[in-house]
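Taking the hints into account, I'd like the entire structure generated from these sequences.
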Amino acid sequence: MNRRLDEIAAVGLGVPFRTRLRHIRTGAIKVIQMRDLPNIGNEIDIDALVRTDLTRLRKDQILRTGDLIFRSRGLTFTSVMIEKPLGNTVIAAPLVRIRPNISEVEPKYLLWCINSPVMQRYLRSRAEGSGVLAINLSELNDLQIPLLPRERQKRIARIAHLAMKERILRTRIDHISQQRTHEVLSKTVFGHRIPITKERVW
1 MNRRLDEIAA VGLGVPFRTR LRHIRTGAIK VIQMRDLPNI GNEIDIDALV
51 RTDLTRLRKD QILRTGDLIF RSRGLTFTSV MIEKPLGNTV IAAPLVRIRP
101 NISEVEPKYL LWCINSPVMQ RYLRSRAEGS GVLAINLSEL NDLQIPLLPR
151 ERQKRIARIA HLAMKERILR TRIDHISQQR THEVLSKTVF GHRIPITKER
201 VW
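The sequence shown begins at 1 in our numbering and counts up by one.
I should point out that these hints are in silico values taken from the structure, not numbers from a laboratory.
Predicted model only: the values in this text are computed from it and were never measured.
Keep in mind that a hint or two might mislead.
[Unchecked claim] Straight-line distance between alpha carbons at most 20 Å, and here's what the computed SDA-like set of lysine to any residue pairs gives:
no.	residue 1	residue 2
1	Lys59	Gly87
2	Lys154	Glu83
3	Lys165	Ser116
4	Lys84	Val118
5	Lys84	Met164
[What the hints assert, rightly or not] Ranges between beta-carbon positions, derived for each pair:
no.	residue 1	residue 2	range
6	Leu54	Gly191	22 to 32 Å
7	Glu104	Arg58	18 to 28 Å
8	Ile102	Asn141	17 to 27 Å
Quick reminder that beta carbons are idealized off the backbone N, C-alpha and C, glycines included.
What follows is the structure, given as C-alpha coordinates:
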(Lines of atoms letter the chains of each structure in order from A and count residues from 1; the text may use other names and numbers.)
(Lines give C-alpha, C1' and ligand atoms only; values in the text may rest on other atoms or scores of the structure.)
Protein backbone atom coordinates (compact mmCIF):
# COMPACT_ATOMS: atom_id res chain seq x y z
CA MET A 1 0.00 0.00 0.00
CA ASN A 2 1.30 3.42 -0.97
CA ARG A 3 0.76 6.54 1.12
CA ARG A 4 1.48 10.17 0.32
CA LEU A 5 4.46 11.53 2.20
CA ASP A 6 2.37 14.24 3.88
CA GLU A 7 0.04 11.53 5.22
CA ILE A 8 2.81 9.84 7.18
CA ALA A 9 5.08 12.79 7.99
CA ALA A 10 5.01 16.52 8.70
CA VAL A 11 6.84 18.33 5.92
CA GLY A 12 8.07 21.88 6.40
CA LEU A 13 10.48 24.29 4.77
CA GLY A 14 13.52 25.38 6.75
CA VAL A 15 13.84 28.81 8.32
CA PRO A 16 14.14 31.49 5.61
CA PHE A 17 17.00 33.94 6.06
CA ARG A 18 16.65 37.06 3.92
CA THR A 19 20.30 38.02 4.31
CA ARG A 20 23.55 36.11 4.59
CA LEU A 21 23.79 34.27 7.90
CA ARG A 22 26.15 36.01 10.29
CA HIS A 23 27.89 33.88 12.89
CA ILE A 24 27.24 35.01 16.45
CA ARG A 25 29.65 33.24 18.75
CA THR A 26 27.25 33.34 21.70
CA GLY A 27 24.16 32.63 19.56
CA ALA A 28 21.57 30.35 21.13
CA ILE A 29 20.51 28.70 17.86
CA LYS A 30 22.63 26.49 15.60
CA VAL A 31 21.75 26.50 11.89
CA ILE A 32 22.26 23.62 9.46
CA GLN A 33 22.79 24.77 5.88
CA MET A 34 23.10 22.76 2.67
CA ARG A 35 26.91 22.79 2.92
CA ASP A 36 26.77 21.16 6.38
CA LEU A 37 25.15 17.94 5.16
CA PRO A 38 27.50 14.97 4.70
CA ASN A 39 27.86 13.29 1.30
CA ILE A 40 27.53 9.88 2.94
CA GLY A 41 25.87 8.95 6.20
CA ASN A 42 24.14 11.11 8.80
CA GLU A 43 27.01 12.62 10.79
CA ILE A 44 26.84 16.41 10.97
CA ASP A 45 29.77 18.39 12.37
CA ILE A 46 27.97 20.36 15.07
CA ASP A 47 31.04 22.46 15.88
CA ALA A 48 31.13 23.78 12.31
CA LEU A 49 27.55 25.10 12.34
CA VAL A 50 26.78 28.80 12.23
CA ARG A 51 25.26 30.14 15.44
CA THR A 52 22.71 32.92 15.53
CA ASP A 53 19.86 34.39 17.56
CA LEU A 54 16.27 34.12 16.33
CA THR A 55 13.49 36.06 17.99
CA ARG A 56 10.63 34.48 16.05
CA LEU A 57 10.99 30.73 16.17
CA ARG A 58 8.28 28.11 16.47
CA LYS A 59 8.91 25.15 18.73
CA ASP A 60 8.25 22.69 15.90
CA GLN A 61 11.12 24.23 13.89
CA ILE A 62 13.67 22.87 16.36
CA LEU A 63 15.08 19.60 15.03
CA ARG A 64 14.30 16.37 16.83
CA THR A 65 15.88 12.92 16.78
CA GLY A 66 14.38 11.01 13.84
CA ASP A 67 13.79 14.09 11.67
CA LEU A 68 14.96 13.90 8.07
CA ILE A 69 16.67 16.83 6.36
CA PHE A 70 15.83 16.86 2.65
CA ARG A 71 17.91 18.56 -0.03
CA SER A 72 15.31 20.30 -2.19
CA ARG A 73 17.85 21.78 -4.61
CA GLY A 74 20.94 20.60 -6.41
CA LEU A 75 22.21 17.50 -8.17
CA THR A 76 20.63 15.06 -5.72
CA PHE A 77 17.44 15.12 -3.67
CA THR A 78 18.61 12.94 -0.82
CA SER A 79 18.00 13.14 2.90
CA VAL A 80 20.02 12.94 6.10
CA MET A 81 18.54 11.72 9.38
CA ILE A 82 19.09 13.28 12.80
CA GLU A 83 20.32 10.35 14.90
CA LYS A 84 21.07 12.14 18.18
CA PRO A 85 19.87 15.28 20.00
CA LEU A 86 21.41 18.47 18.61
CA GLY A 87 20.07 20.97 21.11
CA ASN A 88 18.53 24.15 19.74
CA THR A 89 19.19 23.53 16.06
CA VAL A 90 17.19 24.49 12.97
CA ILE A 91 17.64 24.08 9.23
CA ALA A 92 17.86 26.94 6.75
CA ALA A 93 15.76 27.08 3.60
CA PRO A 94 15.84 25.64 0.98
CA LEU A 95 16.39 22.55 3.14
CA VAL A 96 13.16 20.79 4.09
CA ARG A 97 12.39 19.07 7.39
CA ILE A 98 10.50 15.77 7.20
CA ARG A 99 9.21 14.61 10.59
CA PRO A 100 7.95 11.02 10.30
CA ASN A 101 4.87 9.93 12.21
CA ILE A 102 6.50 7.03 14.05
CA SER A 103 3.14 5.30 14.51
CA GLU A 104 2.99 5.02 10.70
CA VAL A 105 6.55 4.66 9.47
CA GLU A 106 10.08 3.91 10.70
CA PRO A 107 12.26 7.01 10.18
CA LYS A 108 15.21 4.95 8.90
CA TYR A 109 12.93 3.14 6.46
CA LEU A 110 11.59 6.45 5.16
CA LEU A 111 15.18 7.67 4.84
CA TRP A 112 16.05 4.62 2.74
CA CYS A 113 12.94 5.06 0.56
CA ILE A 114 13.72 8.69 -0.27
CA ASN A 115 17.40 7.98 -0.93
CA SER A 116 16.76 4.85 -3.01
CA PRO A 117 17.75 4.99 -6.72
CA VAL A 118 14.11 4.47 -7.76
CA MET A 119 12.89 7.46 -5.75
CA GLN A 120 15.84 9.60 -6.78
CA ARG A 121 15.09 9.00 -10.47
CA TYR A 122 11.47 9.96 -9.86
CA LEU A 123 12.39 13.14 -7.98
CA ARG A 124 14.81 14.20 -10.72
CA SER A 125 12.05 13.72 -13.27
CA ARG A 126 9.80 16.07 -11.27
CA ALA A 127 12.44 18.71 -10.58
CA GLU A 128 12.18 22.14 -12.18
CA GLY A 129 14.63 24.91 -13.00
CA SER A 130 16.78 26.10 -15.88
CA GLY A 131 19.96 26.36 -13.81
CA VAL A 132 19.74 24.68 -10.42
CA LEU A 133 17.09 21.96 -10.26
CA ALA A 134 14.60 22.12 -7.39
CA ILE A 135 11.68 20.14 -5.97
CA ASN A 136 8.76 22.18 -4.70
CA LEU A 137 6.91 21.25 -1.53
CA SER A 138 3.75 20.13 -3.30
CA GLU A 139 5.70 17.57 -5.34
CA LEU A 140 7.45 16.35 -2.21
CA ASN A 141 4.17 16.07 -0.31
CA ASP A 142 2.72 14.00 -3.16
CA LEU A 143 5.58 11.50 -3.04
CA GLN A 144 4.18 7.97 -2.89
CA ILE A 145 5.83 5.91 -0.13
CA PRO A 146 5.35 2.10 -0.11
CA LEU A 147 4.13 1.44 3.43
CA LEU A 148 5.21 -2.10 4.29
CA PRO A 149 4.40 -3.99 7.51
CA ARG A 150 6.36 -2.61 10.45
CA GLU A 151 8.73 -5.56 10.84
CA ARG A 152 9.66 -5.43 7.17
CA GLN A 153 10.30 -1.70 7.47
CA LYS A 154 12.67 -2.35 10.39
CA ARG A 155 14.45 -5.16 8.54
CA ILE A 156 15.00 -3.03 5.43
CA ALA A 157 16.16 -0.11 7.58
CA ARG A 158 18.72 -2.32 9.37
CA ILE A 159 20.12 -3.69 6.11
CA ALA A 160 20.29 -0.20 4.58
CA HIS A 161 22.04 1.16 7.68
CA LEU A 162 24.68 -1.59 7.58
CA ALA A 163 25.24 -0.97 3.86
CA MET A 164 25.71 2.74 4.55
CA LYS A 165 28.26 2.04 7.31
CA GLU A 166 30.15 -0.27 4.96
CA ARG A 167 30.19 2.41 2.26
CA ILE A 168 31.52 5.01 4.73
CA LEU A 169 34.27 2.62 5.85
CA ARG A 170 35.25 1.80 2.27
CA THR A 171 35.39 5.50 1.41
CA ARG A 172 37.66 6.19 4.38
CA ILE A 173 39.95 3.30 3.47
CA ASP A 174 40.14 4.39 -0.18
CA HIS A 175 40.97 7.97 0.85
CA ILE A 176 43.74 6.90 3.25
CA SER A 177 45.16 4.51 0.64
CA GLN A 178 45.26 7.25 -2.01
CA GLN A 179 46.88 9.71 0.39
CA ARG A 180 49.58 7.22 1.38
CA THR A 181 50.33 6.51 -2.26
CA HIS A 182 50.69 10.25 -2.90
CA GLU A 183 53.00 10.53 0.13
CA VAL A 184 55.34 7.83 -1.18
CA LEU A 185 55.37 9.24 -4.72
CA SER A 186 55.89 12.80 -3.47
CA LYS A 187 58.85 11.73 -1.34
CA THR A 188 60.34 9.90 -4.34
CA VAL A 189 59.95 12.87 -6.69
CA PHE A 190 60.22 15.94 -4.43
CA GLY A 191 62.15 14.58 -1.49
CA HIS A 192 59.41 15.21 1.06
CA ARG A 193 55.98 13.87 1.92
CA ILE A 194 52.63 15.59 1.55
CA PRO A 195 50.76 15.02 4.84
CA ILE A 196 47.51 13.07 4.87
CA THR A 197 44.43 15.28 4.88
CA LYS A 198 40.99 14.39 6.12
CA GLU A 199 38.39 14.40 3.36
CA ARG A 200 34.88 15.17 4.54
CA VAL A 201 32.81 12.43 2.94
CA TRP A 202 30.95 11.08 5.97
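Now for the hints, and whether the structure bears them out:
| no. | hint | result |
| --- | --- | --- |
| 1 | Lys59 <-> Gly87 | 12 Å, holds |
| 2 | Lys154 <-> Glu83 | 16 Å, holds |
| 3 | Lys165 <-> Ser116 | 16 Å, holds |
| 4 | Lys84 <-> Val118 | 28 Å, violated |
| 5 | Lys84 <-> Met164 | 17 Å, holds |
| 6 | Leu54 <-> Gly191: 22 to 32 Å | 53 Å, violated |
| 7 | Glu104 <-> Arg58: 18 to 28 Å | 23 Å, holds |
| 8 | Ile102 <-> Asn141: 17 to 27 Å | 19 Å, holds |
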